[in-house]
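If you read the protein sequences in the order shown, they are chains W and H.
Sequential numbering of the first sequence, starting at 4, is according to the numbering used here.
Sequential numbering of the second sequence, starting at 27, is according to the numbering used here.
Errors might be hidden in some of the hints.
As the list claims (entries may be wrong) - Calculated pairs, SDA-like style, for lysine to any residue (alpha carbon to alpha carbon, straight line, at most 20 Å):
{"#": "1", "chain 1": "W", "residue 1": "K151", "chain 2": "H", "residue 2": "P64"}
{"#": "2", "chain 1": "W", "residue 1": "K151", "chain 2": "H", "residue 2": "K67"}
{"#": "3", "chain 1": "W", "residue 1": "K219", "chain 2": "W", "residue 2": "Y358"}
{"#": "4", "chain 1": "H", "residue 1": "K89", "chain 2": "H", "residue 2": "L296"}
{"#": "5", "chain 1": "H", "residue 1": "K67", "chain 2": "H", "residue 2": "R347"}
{"#": "6", "chain 1": "W", "residue 1": "K151", "chain 2": "H", "residue 2": "I368"}
{"#": "7", "chain 1": "W", "residue 1": "K151", "chain 2": "W", "residue 2": "L237"}
{"#": "8", "chain 1": "W", "residue 1": "K219", "chain 2": "W", "residue 2": "K360"}
{"#": "9", "chain 1": "W", "residue 1": "K151", "chain 2": "H", "residue 2": "P340"}
{"#": "10", "chain 1": "H", "residue 1": "K66", "chain 2": "W", "residue 2": "F153"}
{"#": "11", "chain 1": "H", "residue 1": "K66", "chain 2": "W", "residue 2": "F80"}
{"#": "12", "chain 1": "H", "residue 1": "K66", "chain 2": "W", "residue 2": "P152"}
{"#": "13", "chain 1": "W", "residue 1": "K151", "chain 2": "H", "residue 2": "V350"}
{"#": "14", "chain 1": "W", "residue 1": "K151", "chain 2": "W", "residue 2": "A84"}
{"#": "15", "chain 1": "H", "residue 1": "K89", "chain 2": "H", "residue 2": "V230"}
{"#": "16", "chain 1": "H", "residue 1": "K67", "chain 2": "W", "residue 2": "N147"}
{"#": "17", "chain 1": "W", "residue 1": "K360", "chain 2": "H", "residue 2": "I368"}
{"#": "18", "chain 1": "W", "residue 1": "K151", "chain 2": "H", "residue 2": "G60"}
{"#": "19", "chain 1": "W", "residue 1": "K151", "chain 2": "H", "residue 2": "F164"}
{"#": "20", "chain 1": "H", "residue 1": "K269", "chain 2": "H", "residue 2": "A258"}
{"#": "21", "chain 1": "W", "residue 1": "K151", "chain 2": "H", "residue 2": "Q343"}
{"#": "22", "chain 1": "W", "residue 1": "K88", "chain 2": "W", "residue 2": "Q160"}
{"#": "23", "chain 1": "W", "residue 1": "K151", "chain 2": "H", "residue 2": "F88"}
{"#": "24", "chain 1": "H", "residue 1": "K67", "chain 2": "W", "residue 2": "P152"}
{"#": "25", "chain 1": "W", "residue 1": "K151", "chain 2": "H", "residue 2": "L55"}
{"#": "26", "chain 1": "H", "residue 1": "K66", "chain 2": "W", "residue 2": "K219"}
{"#": "27", "chain 1": "W", "residue 1": "K151", "chain 2": "H", "residue 2": "R347"}
{"#": "28", "chain 1": "W", "residue 1": "K151", "chain 2": "H", "residue 2": "V230"}
{"#": "29", "chain 1": "H", "residue 1": "K67", "chain 2": "W", "residue 2": "K88"}
If you're looking for bench data, these hints aren't it; they were derived computationally from the structure.
As the structure is a prediction and not an experimental result, all values here were calculated from the model.
Letter by letter, the chains look like this.
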Amino acid sequence: MNALLDIPILGFILQFLVYLVNVIVNGHIAPIILGLATPIALGALCGVMNERSGVVNIGIEGMMLFSAYVAFMTALFVHQAFPAKPSPFFGATPALILGVVAAIAAGVLISLLHAWLSISVRADQIISGTIINITALGLTSYLNRLIKPFDSAGTFQSFRPPAGLVNLPGVGWLFEMFTAVGPIAMSVIVIVIIIQIMLFRSRWGLRTRAVGEHPKAADTVGINVIRLRYRNVLLGGVFAGLAGAYLTLEATGSFQNNMTAGRGFIALAAMIFGRWTPLGAFGGALLFMGSQAVGVAIRLAPPAGDLGTFLAGIQQAYPSIYNNFFTGLPYLLTIIVLAGVVGRSIPPAADGRPYEKESST
Amino acid sequence: MKARLKSYAGFGLVPALSILLALLVASVLIIASGLFGPEKKVDLLLPLVAYRSLLVGAFGSFKGIANMIVAATPLMLTGLAVGVGLKAGLFNIGATGQVLMGGFTAALVGVVVAGAPPWIAIPVAMLAGMLAGALAGFIPGFLKAYTGAHEVVTTIMLNALAQLTVSGLVNDVFRAPGFSFARTPPVGNAALTGVGGTTLHVGVIFAFVCIPISYWLLWRTTVGFEIRAVGANPTAALYAGMKPRRMMILTMSLCGAFAGLAGAVEILRLGYYPAVFGTSIGFDGITVALLGQANPVGILLSALLLGAMRAGAPLMQIQARVPVEIIDVIQGVILIFLAAEIVVRRIFRLRTEGVGAGELQTITRTYGEKVVGG
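Let the hints inform the model, and build the full structure from the sequences given.
Shown next, in the form of structure tokens:
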């Protein structure tokens with residue numbers, strides 16, 4: 004083993020892989036990665052629901068931001084009107100639960116705008132998404148400046164898995180990853196698996212994919228293209244709403260202007276990286292956020308040996324570039340995948356085309 | 027002649043009505059803002075007070091007008107950066123990143139030529155910013171032409187990458203010593219200083235020159251004809267012997283050059299590049315281009331409108347206590363009405379033929395398609 008690690012370049016890569024596995028398995032960063040990946044995965048699911056049925060959605064960022072704001076304000080309002088003690092169940096209070104419900108409603112509402120503009124009005128879908136991003140940022144910043152909330156409704160608490168489970172050799176980190184988190188992060192994996200199975204194994208999924216690839220053929224066999232697209236875009240809004248609620252009610256407990264900070268765009272990247280499938284998008288989100296978490300882990304506990312000296316040296320000399328490298332990796336990988344340098348990623352064929360029923364003559 | 031006038035009227039009608047409707051929608055928000063003010067009451071006249079102070083802020087004084095033109099200058103350029111792309115059927119969301127690249131390069135070159143006389147230093151720094159922007163635009167153009175990676179996605183990703191790259195370089199490599207925050211050294215004589223006690227600077231000239239140049243380029247040259255032909259129908263353009271791929275790359279580089287120039291203007295006005303350079307001019311460019319229906323004259327007018335709103339907003343915030351962010355809301359709502367042109371036409375019972383918006387519909391249609399070669 005040690006002989007392998009001493010080979011000039013290959014050994015360097017091997018050293019890094021050994022370190023990586025070690026950090027993820029023993030470093031207790033797995034739940035953090037899932038937490039970071041949760042809004043990305045949910046946003047990407049919103050994208051999958053839209054684009055699989057032929058509607059491009061680059062407004063995920065705006066949808067998440069708007070839902071995050073609505074979630075926070077609703078929870079705060081309910082909290083102030085009916086203060087309640089956190090329950091043992093994830094520390095949930097009526098305020099937090101209503102906040103999540105409101106976030107989902109907000110996500111659906113703003114998706115309705117997107118659906119209406121891009122399906123009914125047949126406006127350009129990318130412009131519609133851009134409008135949602137601009138409007139959501141403007142509106143939430145405006146209201147936030149106007150109302151200036153000082154209080155907070157608190158956050159959902161993470162589950163504490165029994166120590167025996169977490170310390171299991173080899174697989175303990177997996178248990179920790181999916182249980183030592185809050186309710187929204189915990190539900191992500193369930194939602195992803197359900198949508199993955201539904202999309203590829205159910206009648207609804209087949210119809211959705213048909214509408215996304217060849218709407219005219221779908222229409223010919225009696226599928227209502229417009230209605231199905233509406234339904235799927237609104238369902239996507241549910242996921243964007245959950246992502247927003249996660250940011251303000253599970254991750255931070257406060258709202259700041261533009262707090263999504265590009266997460267909606269990373270979600271778009273994860274969706275493309277995962278080739279428009281729920282599981283792939285989830286994997287993409289984990290990979291993207293994993294790279295950031297590893298970047299932090301290296302900074303806190305650098306690996307031993309040549310590798311450690313090398314990384315510590317870079318980090319000492321160029322701390323900002325070092326950090327930004329890990330933050331920027333998702334964007335770079337997406338361009339590479341989209342350009343087809345390694346394994347080309349291709350969108351559904353009818354993605355972005357408004358459907359117009361031909362008049363019967 | 028009459029028909030021509032009518033078509034000009036039809037051209038500007040929907041944007042003008044969208045602005046009107048957006049101001050109406052925004053007044054509801056402004057009235058609601060009264061509830062959170064010190065008096066906590068509903069004042070139905072508050073929108074009028076707010077819009078009045080907005081107008082006074084922008085047009086009430088010579089200084090105000092100067093501020094408006096200075097605010098409109100980068101918007102014209104980013105508007106062109108998006109608008110010229112729309113003419114070729116390309117949606118350049120990457121103006122933000124191209125602005126950063128252009129501004130950063132202009133700041134670096136500005137430091138090098140800081141000692142030269144202004145009439146050399148300013149054009150050299152501006153040109154450098156323009157070239158850097160063009161390079162930043164070339165990348166998504168090339169990727170679209172030869173790999174089919176859609177420019178909307180690649181430019182979104184490049185925006186983030188540009189921001190991370192530039193801030194990393196400013197923090198770690200080009201940081202000037204002796205300042206409390208990370209920034210590059212001063213650009214000296216390359217700085218765009220105000221003239222005659224106002225904020226007006228010579229960079230304004232560059233923007234005002236770019237408008238007629240792009241008009242001439244698009245409608246009076248073969249290249250412009252090819253750009254528009256590729257935008258209208260790439261397949262037809264290919265069979266007519268044009269080269270859609272080359273046109274895509276050229277157009278995106280041109281768009282990037284405009285955005286880079288906008289970044290150069292903003293940074294040289296500031297005199298240095300700060301590591302945290304948050305600017306909305308890239309996204310504002312999208313509003314300007316769509317509101318101006320991707321036409322240089324329309325872009326000029328909408329940039330002036332948006333510039334007036336940005337220049338007047340601070341006074342509005344002081345006098346009417348309406349947060350400046352209302353401008354972003356108004357922008358978004360204008361765009362909603364523009365996109366839902368059908369609705370605007372129905373509200374005002376318009377029968378004129380739609381001009382401009384229809385050609386914008388080609389952008390997203392290419393999302394799932396293969397790129398036409400040649």
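For each hint, the structure was consulted:
Under the criterion of a C-alpha separation no larger than 20 Å, the hint pairing K151(W) with P64(H) is consistent with the structure, at around 13 Å. Straight-line distance between C-alpha atoms of K151(W) and K67(H) comes to about 17 Å, which keeps the hinted pair within the 20 Å bound. About 8 Å separates the Cα atoms of K219(W) and Y358(W), which keeps this hinted pair within 20 Å; it holds. Of the supplied pair hints, the one linking K89(H) and L296(H) holds, its CA atoms being roughly 18 Å apart against a limit of 20 Å.
With a C-alpha separation of about 13 Å, the suggested pair K67(H) and R347(H) falls inside the 20 Å cut-off, and the hint holds. Our distance criterion of 20 Å between C-alpha atoms is broken by K151(W) and I368(H), whose separation comes to about 37 Å. Between K151(W) and L237(W), the direct Cα distance comes to roughly 30 Å. Violation of the 20 Å bound is thereby established for this hinted pair. The hinted pair formed by K219(W) and K360(W) meets the criterion: a straight-line CA distance of about 8 Å does not exceed 20 Å.
For the hint pairing K151(W) with P340(H), the CA-to-CA distance comes to about 19 Å; that is within 20 Å, so the pair holds. A hinted pair counts as satisfied when its Cα atoms are at most 20 Å apart, and K66(H) with F153(W) qualifies at roughly 18 Å. Straight-line distance between C-alpha atoms of K66(H) and F80(W) comes to about 18 Å, which keeps the hinted pair within the 20 Å bound. Among the hinted pairs, K66(H) with P152(W) is consistent with the structure: their alpha-carbon atoms are about 16 Å apart, no more than 20 Å.
About 15 Å separates the Cα atoms of K151(W) and V350(H), which keeps this hinted pair within 20 Å; it holds. The suggested pairing of K151(W) with A84(W) holds, with an alpha-carbon distance near 17 Å, which does not exceed 20 Å. A distance of roughly 15 Å separates the Cα atoms of K89(H) and V230(H); the hinted pair therefore holds under the 20 Å criterion. Simply put, K67(H) and N147(W) have alpha-carbon atoms about 19 Å apart, close enough for the 20 Å limit, and the pair holds.
Proposed proximity of K360(W) and I368(H) is supported: the alpha carbons are some 18 Å apart, at most 20 Å. Distance check on the hinted pair: K151(W) and G60(H) sit about 14 Å apart at the alpha-carbon level, within 20 Å; holds. In summary, the hint linking K151(W) to F164(H) is not supported, as the alpha carbons are separated by about 43 Å, beyond the 20 Å threshold. Note on K269(H) and A258(H): the hinted pairing holds, with a Cα-Cα distance of about 14 Å set against a maximum of 20 Å.
Between K151(W) and Q343(H) the CA atoms are separated by roughly 15 Å; this keeps the pair inside 20 Å, and the hint holds. For the hint linking K88(W) to Q160(W), the alpha-carbon distance of about 13 Å falls within 20 Å, and the restraint holds. A distance of roughly 35 Å separates the Cα atoms of K151(W) and F88(H); the hinted pair therefore is violated under the 20 Å criterion. For the hint linking K67(H) to P152(W), the alpha-carbon distance of about 19 Å falls within 20 Å, and the restraint holds.
This hinted pair checks out: K151(W) and L55(H) have alpha carbons roughly 16 Å apart, not beyond 20 Å. A threshold of 20 Å between alpha carbons decides the hint, and for K66(H) with K219(W) the separation of about 55 Å lies outside it, so the pair is violated. Between K151(W) and R347(H) the alpha-carbon distance is near 14 Å, which keeps this suggested pair within the 20 Å criterion. Taking the CA atoms of K151(W) and V230(H), the gap is near 38 Å; set against the 20 Å cutoff, the hint is violated.
With a C-alpha separation of about 34 Å, the suggested pairing of K67(H) with K88(W) is violated against the 20 Å cut-off.
The structure fails to meet hints 6, 7, 19, 23, 26, 28, 29 from the earlier list, while all remaining hints are met.
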